[in-house]
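Colleague: Just so you know, the sequences run in chain order R and V.
All letters in the first sequence, in the order written, are residues 1 to 361 by full-length UniProt numbering.
All letters in the second sequence, in the order written, are residues 1 to 361 by full-length UniProt numbering.
Just so you know, the hints here were simulated from the structure itself, not pulled from any lab data.
Don't take every hint at face value.
Note that the list lumps identical chains together, so a pair holds whenever it fits in one copy or between two copies.
Said to hold, decoys possible - Using 20 Å as the maximum straight-line C-alpha spacing, the simulated SDA-like pairs for lysine to any residue come out as follows: (1) 235 to 156; (2) 235 to 12; (3) 92 to 326; (4) 235 to 11.
2 protein chains.
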Amino acid sequence: MMKIIVNINKSNYPIYIGKNLFNKRNVFIESINTNRTVIITNKSIAEFYLNKISYTIKSVGIGVDSIIIPDGEKYKTLLTMNNIFTLMIKKKHDRNTTLIALGGGVIGDLTSFSAAIYQRGIQFIQAPTSLLSQVDSSIGGKSAVNHSSIKNMIGVFYQPTSVLIDLNCLKTLPKREFFSGFAEVIKYAIAIDKFFFRWLENNIDSLLKLDFKLITYCVQHCCKLKKRIISVDEKEKGSLRVLLNLGHTFAHAIESYMGYGEWLHGESVSVGIVMAAKTAELIGELNQKNTKRIINLLKRANLKVKGPSKMKANDYISRMIYDKKTIDGKINLILPTKIGLSKIYKNVNQQTIIKAITSCL
Amino acid sequence: MMKIIVNINKSNYPIYIGKNLFNKRNVFIESINTNRTVIITNKSIAEFYLNKISYTIKSVGIGVDSIIIPDGEKYKTLLTMNNIFTLMIKKKHDRNTTLIALGGGVIGDLTSFSAAIYQRGIQFIQAPTSLLSQVDSSIGGKSAVNHSSIKNMIGVFYQPTSVLIDLNCLKTLPKREFFSGFAEVIKYAIAIDKFFFRWLENNIDSLLKLDFKLITYCVQHCCKLKKRIISVDEKEKGSLRVLLNLGHTFAHAIESYMGYGEWLHGESVSVGIVMAAKTAELIGELNQKNTKRIINLLKRANLKVKGPSKMKANDYISRMIYDKKTIDGKINLILPTKIGLSKIYKNVNQQTIIKAITSCL
Numbered sequence: 001m002m003k004i005i006v007n008i009n010k011s012n013y014p015i016y017i018g019k020n021l022f023n024k025r026n027v028f029i030e031s032i033n034t035n036r037t038v039i040i041t042n043k044s045i046a047e048f049y050l051n052k053i054s055y056t057i058k059s060v061g062i063g064v065d066s067i068i069i070p071d072g073e074k075y076k077t078l079l080t081m082n083n084i085f086t087l088m089i090k091k092k093h094d095r096n097t098t099l100i101a102l103g104g105g106v107i108g109d110l111t112s113f114s115a116a117i118y119q120r121g122i123q124f125i126q127a128p129t130s131l132l133s134q135v136d137s138s139i140g141g142k143s144a145v146n147h148s149s150i151k152n153m154i155g156v157f158y159q160p161t162s163v164l165i166d167l168n169c170l171k172t173l174p175k176r177e178f179f180s181g182f183a184e185v186i187k188y189a190i191a192i193d194k195f196f197f198r199w200l201e202n203n204i205d206s207l208l209k210l211d212f213k214l215i216t217y218c219v220q221h222c223c224k225l226k227k228r229i230i231s232v233d234e235k236e237k238g239s240l241r242v243l244l245n246l247g248h249t250f251a252h253a254i255e256s257y258m259g260y261g262e263w264l265h266g267e268s269v270s271v272g273i274v275m276a277a278k279t280a281e282l283i284g285e286l287n288q289k290n291t292k293r294i295i296n297l298l299k300r301a302n303l304k305v306k307g308p309s310k311m312k313a314n315d316y317i318s319r320m321i322y323d324k325k326t327i328d329g330k331i332n333l334i335l336p337t338k339i340g341l342s343k344i345y346k347n348v349n350q351q352t353i354i355k356a357i358t359s360c361l
Numbered sequence: 001m002m003k004i005i006v007n008i009n010k011s012n013y014p015i016y017i018g019k020n021l022f023n024k025r026n027v028f029i030e031s032i033n034t035n036r037t038v039i040i041t042n043k044s045i046a047e048f049y050l051n052k053i054s055y056t057i058k059s060v061g062i063g064v065d066s067i068i069i070p071d072g073e074k075y076k077t078l079l080t081m082n083n084i085f086t087l088m089i090k091k092k093h094d095r096n097t098t099l100i101a102l103g104g105g106v107i108g109d110l111t112s113f114s115a116a117i118y119q120r121g122i123q124f125i126q127a128p129t130s131l132l133s134q135v136d137s138s139i140g141g142k143s144a145v146n147h148s149s150i151k152n153m154i155g156v157f158y159q160p161t162s163v164l165i166d167l168n169c170l171k172t173l174p175k176r177e178f179f180s181g182f183a184e185v186i187k188y189a190i191a192i193d194k195f196f197f198r199w200l201e202n203n204i205d206s207l208l209k210l211d212f213k214l215i216t217y218c219v220q221h222c223c224k225l226k227k228r229i230i231s232v233d234e235k236e237k238g239s240l241r242v243l244l245n246l247g248h249t250f251a252h253a254i255e256s257y258m259g260y261g262e263w264l265h266g267e268s269v270s271v272g273i274v275m276a277a278k279t280a281e282l283i284g285e286l287n288q289k290n291t292k293r294i295i296n297l298l299k300r301a302n303l304k305v306k307g308p309s310k311m312k313a314n315d316y317i318s319r320m321i322y323d324k325k326t327i328d329g330k331i332n333l334i335l336p337t338k339i340g341l342s343k344i345y346k347n348v349n350q351q352t353i354i355k356a357i358t359s360c361l
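Whenever a hint applies, use it, and build me the whole structure from the sequences.
Modeller: Printed below as a string of structure tokens:
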């Protein structure tokens with residue numbers, strides 16, 4: 001088991017990464033300092049892990065309630081949170097309760113946001129079960145729900161008490177979800193780490209086959225990258241954390257247009273990365289060879305590199321202006337300039353963006 | 001015009017107090033550093049001030065939209081916030097927008113919470129129009145909505161960019177609302193400031209007649225008290241800010257039982273203060289003479305000192321266990337021990353609390 005300490009604003013919290021974490025009493029003894037817990041999860045994940053994790057927590061004398069919410073991005077709404085609060089109040093949960101997010105990105109975003117605002121803030125633990133949430137969304141304290149078809153429009157920054165990454169979860173993950181997680185892995189490499197990109201090129205085939213030694217290194221490495229970034233730029237006010245949005249402005253447009261859940265987040269991010277690379281190429285900031293390397297690695301990870309056939313370029317633009325980075329109608333984009341280097345561009349011509357999108361349809 | 005600077009966590013913000021503030025262009029130039037604003041208010045306040053404040057803001061070249069929400073505590077819900085967000089997204093408000101809370105406590109709580117979570121946080125200004133919000137709720141960053149009939153169950157701490165207290169607003173305030181604001185004024189005095197209590201005893205009659213010199217001093221003094229407390233204990237984690245909840249655990253039970261809006265917040269707080277004093281007397285922490293002084297001052301301010309006739313003591317207890325200070329089923333109470341001194345009590349016998357409540361029915 002590896003333990004990575006994240007330092008944010010004088011406080012710090014551990015990320016535990018290992019096999020069979022959900023069975024380890026010690027991890028929960030160290031992570032929970034309240035009398036009660038509420039596990040928030042969905043039906044399919046509950047079938048695999050809810051009993052196991054509940055058993056371990058109860059065995060150390062801590063109370064466990066659970067709330068099962070419907071599965072999928074389209075339930076990431078204030079309405080679902082409303083229901084969570086009603087159930088918590090019904091069971092008289094006070095500030096001496098820890099929420100546990102058992103699931104992927106949707107569960108993590110909803111649970112962290114719920115913890116942030118229940119009674120003005122209670123503790124919570126991330127127990128991410130998908131590759132995507134293990135390498136990215138469970139770390140860094142971004143919480144959110146969607147609103148009016150705009151992704152992650154409402155939320156706060158709120159850090160967990162700890163993050164418990166049980167690598168065994170990857171074994172039960174549906175293949176499509178597993179592959180989609182690699183979009184965020186590859187995103188780190190393109191945005192900030194050229195050595196990691198090369199490592200991924202060398203190992204992607206074995207990673208997809210779930211070579212456990214390699215996947216362990218991969219998850220650990222991503223967690224370390226994220227830790228480093230959020231330690232200096234927790235709330236994305238500097239010039240660093242924003243780079244991790246590479247591909248996301250395009251991706252959110254796809255998710256919102258297609259209806260949440262139709263295209264997985266990682267699948268959309270993959271296409272978004274290609275669109276960002278094409279944009280960078282068009283404005284002369286990325287050479288064609290690097291675009292090809294990027295596309296090639298995404299393809300090898302079974303990820304999509306073309307947008308949904310029914311979306312036109314304007315369908316992207318009309319949604320991209322709602323991006324949280326958009327200020328005064330100007331779309332801000334993270335673009336790669338080399339493999340392992342990226343920058344925010346605030347004045348890309350809209351026609352150029354449309355041209356880049358069109359080349360990926 | 002007076003300017004009080006609040007220092008919280010390395011950042012600081014001004015409270016401006018004066019006459020005709022809503023007409024002063026300088027105040028808005030200093031307070032707003034975004035291109036656009038959204039004023040959130042209700043119909044009755046809009047009639048008096050919306051045009052005036054909009055005109056001043058537009059005259060300095062800043063855009064103004066407004067959202068009118070229904071009037072009253074019962075609309076302080078996630079549903080109302082949902083509607084606010086829908087309207088903001090429709091008008092494409094991005095992070096370069098400042099929300100302005102133009103109204104009393106309900107508007108302030110809703111607007112600050114909306115600002116805290118829209119796009120993970122945008123700027124906001126408090127422009128409190130009631131006595132209660134000018135002396136208390138607009139300062140200190142507590143935001144909240146009610147849930148499942150429990151008051152202020154969901155929220156965050158989120159500080160404003162500035163607080164604009166236009167004392168002229170008190171002239172248009174309905175008498176009942178004006179009087180109810182004195183419950184929070186008197187609360188400060190009982191909880192932490194014996195000299196202010198004596199001052200109130202000497203001046204309450206003129207204050208109720210809206211003697212402008214006295215009311216100005218009164219509002220300024222309360223703001224200074226609040227500023228001092230939140231500067232050392234922003235998030236109520238220490239032993240200081242919690243004292244300002246004097247009377248509130250009882251009061252929230254009244255508001256929730258009676259249906260929000262039936263009894264005003266200040267009216268309920270007044271009764272709650274008496275119940276707290278009676279509890280303190282019963283456990284031998286406050287002498288009877290002081291209880292009498294407290295009741296006498298509240299009565300002179302036209303405030304209620306007896307609970308609603310249809311509520312029994314158990315109707316209080318069953319709601320008080322949902323208080324945010326309640327941990328593991330134990331009701332925690334702020335009790336006065338002298339005029340100007342108070343403490344948190346964690347182990348008051350439930351029978352004693354019931355006896356104290358009963359004496360105020």
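Colleague: Hints first: check each against the structure and report whether it holds.
Modeller: To see whether the hints hold, each was checked on the structure:
1. 235 to 156: both (9 Å within a copy, 16 Å between copies)
2. 235 to 12: Both: 15 Å inside a copy, 19 Å across copies.
3. 92 to 326: between (41 Å within a copy, 10 Å between copies)
4. 235 to 11: Both: 15 Å inside a chain and 15 Å across chains, each within 20 Å.
Comparing the model with each earlier hint shows no violations; every hint is respected.
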